[in-house]
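**Q** First to last, the protein sequences are chains H and A. If you read the first sequence in our numbering, its first letter stands for residue 1, the second for the next number, and so on. If you read the second sequence in our numbering, its first letter stands for residue 1, the second for the next number, and so on.
I should point out that these hints are in silico values taken from the structure, not numbers from a laboratory. Glycine residues also receive a C-beta, built at the ideal position from the N, C-alpha and C atoms. Be aware that one or more of the hints could be misleading.
[As the list claims (entries may be wrong)] Pairs of lysine-lysine residues, derived as DSBU-like cross-links and limited to a Cα-Cα distance of at most 35 Å, are as follows:
id, chain 1, residue 1, chain 2, residue 2
1, A, Lys398, A, Lys455
2, H, Lys144, A, Lys455
3, A, Lys724, H, Lys144
[Unchecked claim] Restraint-style ranges between C-beta atoms, simulated for each label pair:
id, chain 1, residue 1, chain 2, residue 2, range
4, A, Lys452, H, Arg54, 38 to 44 Å
5, H, Asp67, A, Pro33, 30 to 36 Å
6, A, Ala57, H, Arg54, 43 to 49 Å
7, H, Arg82, A, Pro624, 35 to 41 Å
8, H, Gln155, A, Asp529, 25 to 31 Å
9, A, Val534, H, Arg82, 22 to 28 Å
10, A, Val534, H, Arg54, 37 to 43 Å
11, A, Pro33, H, Gln155, 42 to 48 Å
12, A, Ala182, H, Glu122, 51 to 57 Å
13, A, Asp76, H, Met1, 42 to 48 Å
14, A, Gln584, H, Glu122, 56 to 62 Å
15, A, Ala2, H, Met1, 47 to 53 Å
16, A, Gly442, H, Gly68, 55 to 61 Å
17, A, Lys724, H, Arg54, 26 to 32 Å
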Amino acid sequence: MDISFTLNGRETAVDVPPATLLVELLRERLGLTGTHVGCDTSQCGACVVHVDGRSVKSCTMLAVSADGCAVTTVEGLSPDGRTLHPMQQAFRDCHGLQCGFCTPGMMMSATDFAASHPAPTEAEVRHWLEGNICRCTGYQNIVKSVIAGAAAMHQGTEA
Amino acid sequence: MAEVVGIGAAPRRKEDFRFVTGRGNYVADIVRPGMAFGAFLRSVHAHAEIGAVDTAAAAAMPGVRAVFTGADMAADGVGGLPVGWGIVGRDGLPMKEPPHPALAVGKVRYVGDAVAFVVADTLEAARAAAEAIVVDYRPLPAVVDMAAALTPGSPLVFDDVPGNLCCDWELGDAIAVDKAFAKAAHVARLKLVNNRLIGNPMEPRAAIGEYNAGTGQYTLWTTSQFPHVVRLLMGEFVLHIPQHRLRVVAPDVGGGFGVKQFHYAEEAVVTWAAGKLACPVKWVCERSEGFISDAHGRDHVTEAALALDAEGRFLGMKVETLANMGGYLSTFGPNIPTNLYAPLLSGVYTTPAIHCSVKVVFTNTVPVDAYRGAGRPEATFVVERLVDVAAIEMGIDKAEIRRRNMIPAEAYPYQTPVLVEYDSGNPRACLDRVVELADVAGFPARREASAKAGKYRGLGFSTYVEACGLAPSRLAGQLGARGGLYESATVRVHPTGQVTVLIGTHNHGQGHETTFAQIVSDKLGVPFDQVDIVFGDTDKVQFGMGTYGSRSLVVGGAALSKASDKVILKARKIAAHLLEAAEQDVVFENGKASVAGTDRAKTFAEIAGAAYVPHNYPLETLEPGLEEQAYYDPVNFTYPGGAHVAEVEIDPETGVVTLAAYTAVDDVGTVINPMIVEGQIHGGIIQGVGQALFEHGVYDPDSGQLLSGSFMDYCMPRADDLPKMTTTTQSTQCAHTPMGVKGCGECGTIGSPAAVINAVVDALAPLGVKHVDMPASPGRIWHLMRNAGLAQAAE
Numbered sequence: 001m002d003i004s005f006t007l008n009g010r011e012t013a014v015d016v017p018p019a020t021l022l023v024e025l026l027r028e029r030l031g032l033t034g035t036h037v038g039c040d041t042s043q044c045g046a047c048v049v050h051v052d053g054r055s056v057k058s059c060t061m062l063a064v065s066a067d068g069c070a071v072t073t074v075e076g077l078s079p080d081g082r083t084l085h086p087m088q089q090a091f092r093d094c095h096g097l098q099c100g101f102c103t104p105g106m107m108m109s110a111t112d113f114a115a116s117h118p119a120p121t122e123a124e125v126r127h128w129l130e131g132n133i134c135r136c137t138g139y140q141n142i143v144k145s146v147i148a149g150a151a152a153m154h155q156g157t158e159a
Numbered sequence: 001m002a003e004v005v006g007i008g009a010a011p012r013r014k015e016d017f018r019f020v021t022g023r024g025n026y027v028a029d030i031v032r033p034g035m036a037f038g039a040f041l042r043s044v045h046a047h048a049e050i051g052a053v054d055t056a057a058a059a060a061m062p063g064v065r066a067v068f069t070g071a072d073m074a075a076d077g078v079g080g081l082p083v084g085w086g087i088v089g090r091d092g093l094p095m096k097e098p099p100h101p102a103l104a105v106g107k108v109r110y111v112g113d114a115v116a117f118v119v120a121d122t123l124e125a126a127r128a129a130a131e132a133i134v135v136d137y138r139p140l141p142a143v144v145d146m147a148a149a150l151t152p153g154s155p156l157v158f159d160d161v162p163g164n165l166c167c168d169w170e171l172g173d174a175i176a177v178d179k180a181f182a183k184a185a186h187v188a189r190l191k192l193v194n195n196r197l198i199g200n201p202m203e204p205r206a207a208i209g210e211y212n213a214g215t216g217q218y219t220l221w222t223t224s225q226f227p228h229v230v231r232l233l234m235g236e237f238v239l240h241i242p243q244h245r246l247r248v249v250a251p252d253v254g255g256g257f258g259v260k261q262f263h264y265a266e267e268a269v270v271t272w273a274a275g276k277l278a279c280p281v282k283w284v285c286e287r288s289e290g291f292i293s294d295a296h297g298r299d300h301v302t303e304a305a306l307a308l309d310a311e312g313r314f315l316g317m318k319v320e321t322l323a324n325m326g327g328y329l330s331t332f333g334p335n336i337p338t339n340l341y342a343p344l345l346s347g348v349y350t351t352p353a354i355h356c357s358v359k360v361v362f363t364n365t366v367p368v369d370a371y372r373g374a375g376r377p378e379a380t381f382v383v384e385r386l387v388d389v390a391a392i393e394m395g396i397d398k399a400e401i402r403r404r405n406m407i408p409a410e411a412y413p414y415q416t417p418v419l420v421e422y423d424s425g426n427p428r429a430c431l432d433r434v435v436e437l438a439d440v441a442g443f444p445a446r447r448e449a450s451a452k453a454g455k456y457r458g459l460g461f462s463t464y465v466e467a468c469g470l471a472p473s474r475l476a477g478q479l480g481a482r483g484g485l486y487e488s489a490t491v492r493v494h495p496t497g498q499v500t501v502l503i504g505t506h507n508h509g510q511g512h513e514t515t516f517a518q519i520v521s522d523k524l525g526v527p528f529d530q531v532d533i534v535f536g537d538t539d540k541v542q543f544g545m546g547t548y549g550s551r552s553l554v555v556g557g558a559a560l561s562k563a564s565d566k567v568i569l570k571a572r573k574i575a576a577h578l579l580e581a582a583e584q585d586v587v588f589e590n591g592k593a594s595v596a597g598t599d600r601a602k603t604f605a606e607i608a609g610a611a612y613v614p615h616n617y618p619l620e621t622l623e624p625g626l627e628e629q630a631y632y633d634p635v636n637f638t639y640p641g642g643a644h645v646a647e648v649e650i651d652p653e654t655g656v657v658t659l660a661a662y663t664a665v666d667d668v669g670t671v672i673n674p675m676i677v678e679g680q681i682h683g684g685i686i687q688g689v690g691q692a693l694f695e696h697g698v699y700d701p702d703s704g705q706l707l708s709g710s711f712m713d714y715c716m717p718r719a720d721d722l723p724k725m726t727t728t729t730q731s732t733q734c735a736h737t738p739m740g741v742k743g744c745g746e747c748g749t750i751g752s753p754a755a756v757i758n759a760v761v762d763a764l765a766p767l768g769v770k771h772v773d774m775p776a777s778p779g780r781i782w783h784l785m786r787n788a789g790l791a792q793a794a795e
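Modelling step: build the complete structure from the supplied sequences, incorporating the hints.
**A** Structure, rendered in C-alpha cells:
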C-alpha cells in the first residue's frame, strides 16, 4: 500500500505491505535504528515514537495507520543531530541511561509526558513510565532525568 | 571536556551522546550486503526423542535458501558447545559433562532446545519455513524439579548420567562443623528456595555470521560480554576455525548481566551457516524466544543450619544445596553454585567452621548459568536469612547479633574457613552508617503509623561480602577454570598526543568509556576528550576475557594502569634525551616531563611527536613510537561488601508488598566516577528487589513448559513499583589492586534480596510467619497471611 507521512519533519512516501508494523518500517525499510525492539508483547516501550505528537508503541501500530501523520523518532528529537533536546541533555546530565537500549523509548515517552507536565512529581513520572522497562538503572536516575528535562523544556515559557 | 578529568570526578559519560541521539550500533541494527535471515525451530517438548525431521516442505518454500538440522552439523564435523569450568566431586571424580550439540541430536532436553535452523531471503520466509518443518517427536516423561530428578526412577535427562547428578561437590571441614554443632546452645535452621530468574537484558540476543570466500575469514557480530572468549570457544571447539581467521565483534550491547557471557549455540549456527551458504546470515532473538533460550539464573533449594553459643556467637554453619543446571551445561554453569557460592558463606562474620555440600542436578529446563551476582547473592541470602532466624529465636536485636559476629576492621586480612582470604574491609562501619542513614531508630514510630492505617510494616537488614574481580588465574585453575582470567590493555599514544585505549573488557552499560578515560587522563595528564576507549572487536583489541564478575575496573583497569605506567616510563626516557638530562632527574606529572628543580619541560604531545618523528631521538637505545601494552593477572579476588536496610509495608487486603524505603552503604574501594558507581548500585539493588518481590521463572512440573515466558507473565520491576533509594559508599581500599578499587557491578544485587525478605518476614512476624520464599508476590503473601490467621484462630 502506498502511504505518505511526515517523518522527522520530512515528507516520506513508501509502498508497504499492509501487515508491516510501524517499527519494522522505521528500522528495516527506512534505516532509523534508534527505535528499538525489546519485546514481542507491547510491554517494554523500547519502540516508543511520536505520532502526531503523542507517544505510541510503534510495535503495536501498523505502518499504514501512520498515513498522513507526523511521526517523530529519537533521531528527530534533536533536529540538527548535534544540539541535544532538553530531555536528551537531561538524560545525559542525570546519568539516566546505562546500556542505552531502552533510552530512545524512555525519552520519547518522557517528552510526550513533559509537554503537558512542566513540573511533575516523582510519583507522576513513575506512574507515566510504567510502560517503559529499564533493566539497568533501577529507574532512579531516569525519574530524575524526566523531572529535569521537563523543567528545561518549559524554561522561559512560564507566565 | 578539554581538560584533565581525574579519579574521583563525575564527568558526563562519553558514550551517552550516541545513545541519546539514537546512534547506538547494536547487532540488530547492522545490515550486511547480501544478508539472509535465520530462524530457529525450537522444541515444544521438555523431553522427547527426535525421530525423522522432514525438512522437504520447508526447503521448497519461496525464498528459503537452506534448512539445517543437528544431523547436518554433526555430519560436517561440528563440535559441541564447550564448558569453561570443570568441577570435581567429593568422590574425586570429575563432573559429568555430556555433549551439548548446537542443534539437538537424538533428543530434545528442554522446551526451547533448538532443533533446526532455516535461512531465507526474508525473516518472514525463514519463520514461515521453520513452522513447516515436521519433526517426529516421541515425547518422554520430563523432570523439572531437582528433588524429583534425584529420586530413583526419575526420567533421565542424559541416559549415561545416573540420578541426573552432574556432580556432588563440597567445601569446608565437616568434622569441625559437627563439633561446633555438638557444643551449640542454639541451632537455627531454615529451608529456602532461591528462585529461578531470567536475566532479560533489554536488548535481546542477536548474531550475524559472515564468510569471506576470498580470504577464508569468518566474522561473527554478536551480543556478547566477551568476544575474545567466544572466538576461542567457538573457533577451537565448535567450528574448528583457526583463531587468526575468525573475527568476533560485539558492538554496542544493550545490557548483559551475565546472560551474554556464555558461548551460545546460535553464534555457532549463524557462523557455520554463513560459511555453507557464502552469504551473511542474521538472527535476532525475539523476547519470547529469549525466555526459552537465554541461560537462566539462580534456582537453588537449600537446607541450612547455624550453630550459636548462648551469647549468640556463631560457632558453625552447615549448608546443603541442590543447584539446577537445566538440560545441558552452559559455559560456566557448574562453577556458579560451587566455587562462586560456598566460599561466600562466611559473609562478614567470624564463623569458625563452615561446610557446604552442593548437588548439581540436570533437569528438563533451560540451562542455568551466571546472572548478576552469580552464586554470591545465593550465599548471602542463606547467611542473612539464617542470621535473622537465629536473632528472632534467641531474642537478640538483629543489628546487634550482626555486630557481635562481624570481622573486626583490625582483623583484616582475614582468612575464612572456606578458601578465601579477605584483604580489606570494615563491615561494622557500613552497618553503623546504614543504621543511621535508614533512621532505624525511627522505625517503631513508622511501624505504628502503618498499623494505624491497617498495614504491616517491617524492616530488614542484610550485610554481605562478595568475591569479585575475577580472577587470579592460578587459583581459578586449581578450582577448575579452563582458561586464564587476566585482562589486557594497550595504550596507543598518537603522534599528536591523543590516546586510544584498546581493552579486552566489554562495555554494555557500565560506563567504561568514561571511567577508563578518566584513569588515562589522570595518569598521563591528557585532556579527557582526547582519550577514547576501543573494545569489543577481536581484530582491534589484542586479547581479553571480557566483562563479568565485577572484573572490568578491577582487572582491566589495573591492566590499563600498568600500560599507562609503561608509557610514562618511556616518555621519561624520551624527555630525558630531549632535555639533555639524566632520566632519574626527569619527573612526569600533569602531562609534562620536567627536569626536577628547573623550568625545563616537554609536554606529553611534544614527547609523542618526538617518538613518531625520531629525528632527535635515542634510536640506539629506544624504539620509536609510543604504545604500550600490559596484561594484569590479579593476586587475589577483591571483596566489596556492605550493609543494606529495606523497609516494606504490606497491605493485608491484597497481599501487596510495597518497598517503602531502601538504604545501602557499600564498600567498593576507590571510587573512580561516583556518578557511575551510584548508577551501578541503583540498578543492582533493583535487580535484587526484582528477585525478592516480582521475578520468578516457573515451570509446569508435569509438562515442563515455562509458564512465565513473556513480559506478560514474568514480572519485571517497573518504575512505579519502586521507591527512591538512598545509597552511599563507605570504602576501605583494596590492598592489592593498583588503584585500590574493588568493583561495584554486583553489590546491589547481592545485598538486596535478603534485606527485602528479612523486612517482609519482620512485617509478618506478628502473625507468626517465620519465612517467606521469593518472590514475595501478592498471591503468596495473601495465602501466608490467611494461613497464619487461620492458625492463630485455631490456637
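**Q** What's the verdict on A/Lys398 and A/Lys455, does the C-alpha distance respect the 35 Å limit or exceed it?
**A** holds, 22 Å
**Q** Kindly confirm whether 25 to 31 Å is satisfied by the beta carbon distance between H/Gln155 and A/Asp529.
**A** Cβ of H/Gln155 to Cβ of A/Asp529: about 27 Å, so the range 25 to 31 Å holds.
**Q** For A/Val534 and H/Arg54, compare the CB-CB distance with the range 37 to 43 Å and indicate the outcome.
**A** The hint (37 to 43 Å, Cβ to Cβ) holds, given that A/Val534 and H/Arg54 are roughly 40 Å apart.
**Q** Just to be sure I understand the hint, the distance between the Cβ atoms of A/Val534 and H/Arg82 should be within 22 to 28 Å; is that true here?
**A** The hint (22 to 28 Å, Cβ to Cβ) holds, given that A/Val534 and H/Arg82 are roughly 23 Å apart.
**Q** Evaluate the given range 30 to 36 Å for the C-beta pair formed by H/Asp67 and A/Pro33.
**A** holds, 31 Å
**Q** Hint check: H/Lys144 vs A/Lys455, CA-CA at most 35 Å. Holds or violated?
**A** Cα-Cα ~29 Å, so holds.
**Q** State, for the Cβ atoms of A/Lys452 and H/Arg54, whether the hinted interval 38 to 44 Å holds or is violated.
**A** With Cβ atoms ~42 Å apart, the hint holds.
**Q** Starting from the range 42 to 48 Å, see whether the pair A/Asp76 and H/Met1 falls in it by beta-carbon distance.
**A** Taking Cβ atoms as reference, A/Asp76 and H/Met1 lie about 44 Å apart, which means the hint holds.
**Q** At the C-beta level, are H/Arg82 and A/Pro624 separated by a distance inside 35 to 41 Å?
**A** Taking Cβ atoms as reference, H/Arg82 and A/Pro624 lie about 38 Å apart, which means the hint holds.
**Q** Lying within 42 to 48 Å: is that true of the beta-carbon distance A/Pro33 to H/Gln155?
**A** holds, 46 Å
**Q** Starting from the range 43 to 49 Å, see whether the pair A/Ala57 and H/Arg54 falls in it by beta-carbon distance.
**A** Distance hint for A/Ala57, H/Arg54 holds at roughly 45 Å.
**Q** Please test the hint of 51 to 57 Å on the beta carbon pair from A/Ala182 and H/Glu122.
**A** holds, 54 Å
Checked against the numbered hints given earlier, this structure breaks none of them.
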